[in-house]
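**Student:** For the record, the sequence lines run as chains A and B. Residue numbers are given in our numbering: position 161 of the first sequence equals residue 161, and the series is strictly consecutive. Residue numbers are given in our numbering: position 260 of the second sequence equals residue 1260, and the series is strictly consecutive.
Calculated directly from the structure, the hints in this document are not laboratory data. Treat the hints with care, as some may be off.
What the simulated footprint calls covered on chain A by chain B, stretch by stretch (three residues with Cβ under 8 Å from a Cβ of chain B suffice, anywhere in the stretch; the number is not a length) [what the hints assert, rightly or not]: (1) 3 to 16; (2) 31 to 42; (3) 229 to 236.
Listed next, the in silico EDC-like pairs over lysine to aspartate or glutamate satisfying Cα-Cα at most 20 Å (straight line) [what the hints assert, rightly or not]: (4) 1465/B <-> 74/A; (5) 1465/B <-> 134/A; (6) 1465/B <-> 108/A; (7) 199/A <-> 108/A; (8) 1247/B <-> 74/A.
Note that CB positions come from ideal geometry on N, CA and C, so glycine has one too.
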Amino acid sequence: MHLLEITGLTKSFGGLQALGGVDFHIDELEIVSVIGPNGAGKTTFFNTISGLVVPDEGRIVFEDEDIAGLEPSEITRRGIARTFQNVRLFPDMTILENVMVAQHCRTETGVWGALFNTPTFRNEERAIEERAKDILGFFGTRLTGYRFRQPAYVLSYANRRRLEIARAMGTMPRLLLLDEPTAGMNPKETAELTGLIRKLRDEKGFTIVVIEHEMRVVRDVSDRVVVLDHGVKIAEGSYDDVSSNPDVIEAYLGRPAEEGA
Amino acid sequence: MNQTVTRRSATDLDWDRVRRWGIYAGLTMAFLSSIGMVENLDKRIIVDPILSLGFLALLWVPVAFGYAATYEEAKEGMAAPEKGERDLVGGLVTGLIGGLFFVAFIAIADAVDLRGVFPRIGPALIDLLTFDRGVAIGSLLWLVISGLLGMFGGLLHVLPDRVRRAVTNALAAVFLVALVEIAVVDIFESLRLTVISDWIYAKNGGVTIAGAVVIAALAALSSVRSEGDAVVRFRTRYATMEGDERKRFNLIAGAVAVVLAVVLPMILGGLTNELLANVGLFLLMALGLNLVVGYAGLLDLGYVAFFAVGAYTTAILTSPLSPKWTPMLTLDFFSIEGWVVMVVVVAVAALSGLVVGTPVIRLRGDYLAIVTLGFGEIVRILFLSDWLAPAFGGAQGIRNIPAAVAGPVEINGTKPQTIFYVVVVFVGIAIYVAWRLYHSRIGRAWAALREDEDVAEAMGVETTKMKLLAFITGAILASFGGMIFAVKVGSVFPSSFKLIVSIIVLVIVIVGGMGSIPGVVVGSLVLIGILGGPTQPGLLAEFGEFKLLIYGALLVFMMLRRPEGLWPSVQRQRELHQEEILQDAWLKAEAADEEGKR
């Protein structure tokens, strides 16, 4: 049994078919990269899994239950968290609050607890804060200490990406969807993040799907690579297999001139 | 360092700007006169016998516009703008141009009978504006006055900080003391110290000259002795307080507020109590709306609907004249019967929040605003309709709502003190609810929702549920307001629940500071306390018909100059002052790096 198994996922926007029957699966503790040229449907693929986009057809089975069409918050509650390609933090909330709010679906005190400041409420609040600090500590010191109380928008680009991952971790997922986590980072930061993705799996036990353009990162982190083009899966396998696959090369580079003529 | 300061000559000015502001000043003064403001407000004396509110409404114009015409922004990293004679010249010219336009207005108004179009421009106005001395002398006087006041506006830039503060504080203090006349006289009367109040205030209203001088001197002295703006200083001090210290401060402030709330109504007279009760009523609603708009970011323009629901529910439950159901319960806060009433009011409000909220909650921003606006009107029109008249009395409404009871005390509008106490209790509850919810998981979810709804949803926040919760909590708080309102007035009519109530409550929240509890308190004190509610007079009761004009002007001014409100919430402050905070954060990071290296 796979942790996540997707069959025949289809989604069209008007006349444009973004996903044309994609099959996909990932096992516990695997890291799978999804690659493909721009417009291949990678982000739509993530959006359908996380519920922001409702698929036209297809099944998305997570932990043996079909989650296609559920509310995004419900999908997150079931254990799938994501980051966004164009970083979308809560910019005016503090760095700590960004991670605290992500624990919403893992906590439950309601209006009464808050109003009467019950012991349960206080313990839960403390636990939320501790856990948030703990998660932020995973990224070294750059998101801790005096940073806790600063609004998220003061962060540098790379740190925003890290905070986004931290926020996704705050929802305590089993499956983490990272949408271009190294976009806009310099080579040093990229290398560091590559290590971090492995650490997320090895130390924190997340199963990870990552959309990535940077081929070095793909090579270094992936157990398996899935290639999408025009909403269709055109190849799947180890990085070496995929990178020598003629279809993949064609998708990226186009058909050689003599053949097209 | 070699600093070459090229002195700018007295005429080195942005003349275009001076001309523009001068024209604005003249037009503003002409406008204020032509709508009858000067005449109407002339009855309220500020300093006896030299200054009335009517003239104050004119005289601030050259000062403010002279100040604005010569204002130069101090930009980060650039030499501070040099101040000197040129500011005086600029202010003077602005004032003169303004005066010129205004004089032209007076001359035209004198020569041509404009009463057909502007009913307020008549001989009485001309006499008033020319100080009964004829158009020629009056005009000359206006040129001089306007020029001098404009120059004074320019002078404010030149004065050293400390002196400027002394001057502005002295003027503000005199105005404030004149403003709160009724309340102060009340207090001194109950303390049997009429000697003092008789000396400060003249017989026909306003501060006496001697009183004004003393007040101005005191205010100037106290501000010269202090460093910087007291309000700003207090806010920074409060913001930097940590844990225990802040807790202690909050405790003391709370205790002072409680003591004041208990003692004040006893020593204040009926009129002032009535006024405070109105402030409290609107504060109660504003606190509720603040949850919806300020915390969760849902622009609700039909908020008055829940106020109406609370009032009508109370009326039906308690009034013997309720057309259909007459349970005739007594709203006794110390008996089960009273609690039944309150529980029903809360339940009905929550239900109506749910009913209104469910269909509209998926809409966003402008759409939500428009639809809630519609719902607000629908509720009022339903209460007004013949169709529901058998239940709600149509335009006649429901009368004879009996007094509420607390033990031996009867609470109704004829005894505003009692209403005030009840209002204070409910405001206390509302503040507590808002504060607790804000600092909980629910408050964080609301904040996330306000920032980015899609991402909040993707991060596991059930946005629909959280929005409904905000809507319902807001509805309940408004319904308490409605309940007290029904008891206070003794009757409910559909006409009490017009759109304008929603708008004024929203203005309170915006002007005070969205998402900020102290801001909302300040907002309702300033707006309802001073200007008055839609039908309720404030301290400046004379404003009456001009109230909405002033509300509008204030709103525009706030949006331009201080969009975060009078007392902003931390989050709004962050949102609107990113640049300063970024710079601050950068310095902090540098400092931390240094620390790390050592």
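**Student:** Quickly compare the C-alpha distance for residue 1247/B and residue 74/A to 20 Å and report which way the hint goes.
**Tutor:** Distance of about 38 Å is beyond 20 Å: violated.
**Student:** Counting residues of the stretch 3 to 16 of chain A that have a beta-carbon nearer than 8 Å to any beta-carbon of chain B, does the count reach 3?
**Tutor:** violated (count 0)
**Student:** Next pair to validate is residue 199/A with residue 108/A; report whether the Cα-Cα distance is within 20 Å.
**Tutor:** Violated. Residue 199/A to residue 108/A sits at ~30 Å, over the 20 Å cutoff.
**Student:** Under the criterion that the straight-line Cα-Cα distance not exceed 20 Å, is the pair residue 1465/B, residue 134/A satisfied?
**Tutor:** Distance ~29 Å between residue 1465/B and residue 134/A Cα, so the pair is violated.
**Student:** Three residues or more, CB to CB closer than 8 Å: is that satisfied between the stretch 229 to 236 of chain A and chain B?
**Tutor:** With 0 residues close enough to chain B, the hint is violated.
**Student:** Take the C-alpha atoms of residue 1465/B and residue 108/A, compute the straight-line distance between them, and say whether it is at most 20 Å.
**Tutor:** Measuring from Cα to Cα gives roughly 13 Å; hence the hint holds.
**Student:** At a Cβ distance under 8 Å, does chain B reach at least three residues of the stretch 31 to 42 of chain A?
**Tutor:** Violated: only 0 residues of the stretch 31 to 42 of chain A have a Cβ under 8 Å from chain B.
**Student:** Starting from residue 1465/B, check that the Cα of residue 74/A is at most 20 Å away, please.
**Tutor:** holds, 12 Å
Of the hints listed earlier, those the structure fails to meet are numbers 1, 2, 3, 5, 7 and 8, in rising order.
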